[in-house]
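**Q** Here the protein sequences line up with chains A and B, keeping their order.
Every letter in the first sequence is one number past the one before it in my numbering, and letter 550, counting from 1, is 561.
Every letter in the second sequence is one number past the one before it in my numbering, and letter 205, counting from 1, is 297.
Just so you know, these hints were derived from the structure itself, not from any lab.
A couple of the hints might just be wrong.
Result set (DSS-like, lysine-lysine): computed pairs, CA atoms no more than 27 Å apart in a straight line [claimed, not checked]:
| id | chain 1 | residue 1 | chain 2 | residue 2 |
| --- | --- | --- | --- | --- |
| 1 | B | Lys164 | B | Lys230 |
| 2 | B | Lys230 | A | Lys169 |
| 3 | B | Lys230 | B | Lys329 |
| 4 | A | Lys154 | A | Lys164 |
| 5 | A | Lys164 | B | Lys329 |
| 6 | A | Lys426 | A | Lys460 |
| 7 | A | Lys154 | A | Lys168 |
| 8 | B | Lys320 | B | Lys299 |
| 9 | A | Lys169 | B | Lys165 |
| 10 | B | Lys299 | B | Lys329 |
| 11 | B | Lys164 | A | Lys165 |
| 12 | B | Lys230 | A | Lys164 |
| 13 | B | Lys164 | A | Lys168 |
| 14 | A | Lys165 | B | Lys320 |
| 15 | B | Lys329 | A | Lys166 |
| 16 | A | Lys13 | B | Lys164 |
| 17 | A | Lys168 | B | Lys317 |
| 18 | A | Lys165 | A | Lys154 |
| 19 | A | Lys166 | B | Lys299 |
| 20 | B | Lys317 | B | Lys329 |
| 21 | A | Lys168 | B | Lys320 |
Going by beta-carbon spacing under 7 Å, a handful of chain A positions derived as facing chain B [as the list claims (entries may be wrong)]:
| id | residue |
| --- | --- |
| 22 | Gln43 |
| 23 | Trp50 |
| 24 | Arg125 |
| 25 | Leu510 |
What the simulated footprint calls covered on chain B by chain A, stretch by stretch (three residues with Cβ under 8 Å from a Cβ of chain A suffice, anywhere in the stretch; the number is not a length) [stated by the list, open to error]:
| id | region |
| --- | --- |
| 26 | 338-351 |
| 27 | 375-387 |
Just so it is clear, the structure is predicted and the values come from calculations on it, not from any experiment.
Yeah, the Cβ is synthetic: ideal placement off N, Cα and C, and Gly gets one too.
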Amino acid sequence: MKPPTYHQRLGVLLLLCLAGAVVILVRTFSFQVTDREFWEARARSQAAGWRPVHAPRGRILDADGKALSHGAAAFDLVVRAAPWEAERHVCRNCAFVRYFKPDGARVPCPQCRRPPRTWRFADHRELAFLADKLSMPEAELRKRVELRIDGAKKKLKKELGNLVGVRRARRRRMAWADLGWRGRTVARDISYEAAREVQLHPARYPAFLVETVQSRRMPGGRAFVHLVGRVRRDRIRTQDPEGGGRYVDVERGVRGLERAFDEELSSVTGWVRFLRNPRGGGREMETAARAVGGLDVRLTLRHEDQQRALDVLGGDEGALVVLHAETGAVLAMAASPTYDPDEYVRTLETWRTRKGGPTPLVDRAASSAHIPGSIMKPFTALAALRAGVINGSTKFHCDRYFRTAGGRVIRNALKCAGVHGDVSLHEALVRSCNVYFQTGMQGLLTTRKFKIYYETGRRFGFGRSPGVETSRTRGRFEFGMDTTWYQYIATAIGQGNILVTPVQIARAYAGLATGVLPDVHVVAKAGLTRTPVRRTPLGLDAGHLEAVRSALREVPVRGTARGLGLARFQISCKTGTAQVRGGQRDPRYNSWIAGFAPARAGRPPISFAIVVLNARRHSGEECGPRLAEFLAGFYAETTE
Amino acid sequence: MSRRAVARDLRRALHLPLLIPAVALIAFGLIALARIEIKTATGWMGDLHVRQATGVLIGLAAAVAAVLVPYKKIVEQAYLIYAASLLLLIVVLFAGVVRNDARRWLTLAGFDFQPSELMKLTIVLTLARFIRFRSSYKTFAGLGVPFVLTLVPMGLILLQPDLGTALLLAPILFTMLFCAGARLRHLAIIAVMGAAAIVPIYEFGLKDYQRRRIDGFLVQLGLMKRGKVETRDMERKELYQVARAQVAIGVGGFAGTAEGSPGGYAALRVPERHNDFVFASVANRFGFLGVIVVLGLFIWLLGAILGVASRQRDPAGRLLCLGVFALFSFQVFVNLAMNVGLLPVTGLTLPFLSLGRSSVVVSMLAIALVCNVAARPSYEFGRGDFR
């Protein structure tokens, strides 16, 4: 075959050239004319971005509208691993900062074009200045930074552990690269001065960023920390309106009212679509979804009353609960010990290291149940009256010790404090005679009417959640096959198988005062919804109730609470002391006073319960002065 | 040389079918670069056309000088130029300026200069000098010397590393040998051997980023499968430039985009939009009409070069024209194919349009050489197929 001539070969080249041109033209035509809409949509999605707009979480207000918890802008300090770990060099000539990998080649300064030798190695020496602004030692800050970065690396290694071979290497490389530039929070809620220092000097602190976030402030302080609870800030993956993945910060209630009313308090993140200008900045185009702030939650109690309740507890382990006797609205609900909400983590760490002490993290008013002691006697009396085991004139002889039906004398810790002689129900309640109620309980047992006692207790809300929004603790009010005769007898005086919360007791006394059991609520209004008042009639004989009430009226006058200064408040109450541990040598008691008072001095009718746990003294001495102090302040300040 | 002789030579060198598309392309390039902004370490920088214009002026001076010297004399000195170019390639490996992890530039009197750009033209001259009166390349063994002459600078350029420019030398060699009358089966055997070497070169001869670029290209064409996460990662890295370039081209439509529109912003997102991806910027701003104009001008230019090569009888003149043709055509089509996603990203610039003073000076010198050939028709016949 004859080889092609020179001109034929040129022809081949020309044909190839034209073919190439046609291919390029066809491809470009398909891009620019046929598929233009597709590429325009692509360009729009690249040029437009979605920015989340955060609205503040709702506030928690007291009855007077004073904020107990609200959102505020705060600054978080964030460290990025790549600039932190990279070798950092500064141009001697123009101070341009550049990062090199440890084995990276030196290059001229991109700013002043000086040769590579002008680079000066720079350590993160400015950390001392930043630590000073953050009011923490430099070593602490350095430790935190390294902990965050090391922690992230360890987590990543664990995640990548199962991958093998080339894929593993590729994914690791990608993951390391991502890790290097993703920020890790080093310090939350830093001061404005520290945030300003970092933001104004990016060259000085290249590894650090300041993120503006929503933070929860709790002006309510220690008095409200159990009630209000706390929030946790989470970074969650969500979707923008076009379905693109985004990370947004959300606050979630994890304790107390913040958790109970999380739905109402939570805000809705809005989305703004903006046109990204590659030269920097951006221009807002449209609001796709409006950000909606959380709803406010208004409480039934006042800040002053709550603070006073906490003050009278004086840091001892215990609680004080005051309810509106008719509606069940909480007027004070303090628990002690408590903690500063801004120092949650430190509190947790301190308590963990100090093993055995009372934890400040537990709400002793609503969430923990205690042995009630003699404050249960009125309910035993009502059960015995209902069952017909006793009546108003029934008397039992008290020689300090309880005698069984068979005549056996029980000489144990449940004996009376003294010899009461022949006592009626009235006197038994006033003087808190154990033998009277134990004998009454024996009557219930022998006549097989214990069920009436149980049913009466349930009517008063024992063993049931009182309805308070922050807790569902029901205490213990259960009797079964494993309950011994001795435990049944002890139940008559609030020992044995019974555990109650102070809120349950205050609620039960509200029922005793009014004949109607209200549901306890601490929230008056959540958003636009008022909390309905729910009241359940007890269905008890008015005469029986009055018999008990008349006795309780005399307790502060001549009974177990006499001489404590309580009589001047016209209250009806019952004291209770339950030994909980320590034996004869160093006994410790749950010291209670519970009762109710009529409306006076601009205050509604109230019921109350105060308990000091693990106290060294009996109820009168331990709780009486505290209650008197509280009531004095409570009635001195009248509400509008 | 008298002034009259200079004027005569210049007048003869004004080969309009060649100069019109070349000047039009240079002008189009300056207009396109005037509308492109790039981000540098110190902020946004415009006025790229001013930088390019200085290159054009230098190129003009060099072109005038190249036209005045008869091309045969230049070809006579080809080995010397080749040796000087090789020396520069060696010097740049030790004293070159590093940018983007590549050591390709020498700074001479404040100007950055890329010796590999000069080597593109040098290899044309050297091969023309070697092949013109020989017929040894018609044997398989005789192909050895031209291949060695080409592979040595290729190796040095690969060390910089600059894969695109290095790969450009091979088509120049093949085109010149093909047109000079080398046996097609010899060239085919070498091409097959080259193709067979692709796999070992891919595995052992390429840097990691080059291998990932090829992977990305294959993934984009659907010829290679990768996991979802890795594909997304490739889109952010290896396919990033091409994906952005395709959007910029596509959004240009028939008549182009306006500045400040979302479509216009698309061009600002293309990396190397003033350089390797200048075609994407042109297509974005001037639309399909602009593409037709650019492609038409290039076809005109290439056709004109082939026309000169066709009319010229002197083997050295023919080979010079064909070398320049191969240089431009390969550079143009690979760059355009890379922009529209038909070839992997290689780092080749678009002649006359991409920003780069070395590139524009060498391109203008190449055109000047062809003009030089056109201005001096020869009746000297070559051997064999050149007849």
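**Q** Find the hints from earlier in the document that the structure breaks and name them by number, from lowest to highest.
**A** Violated: hints 2, 3, 9, 11, 12, 13, 16, 19, 24, 25.
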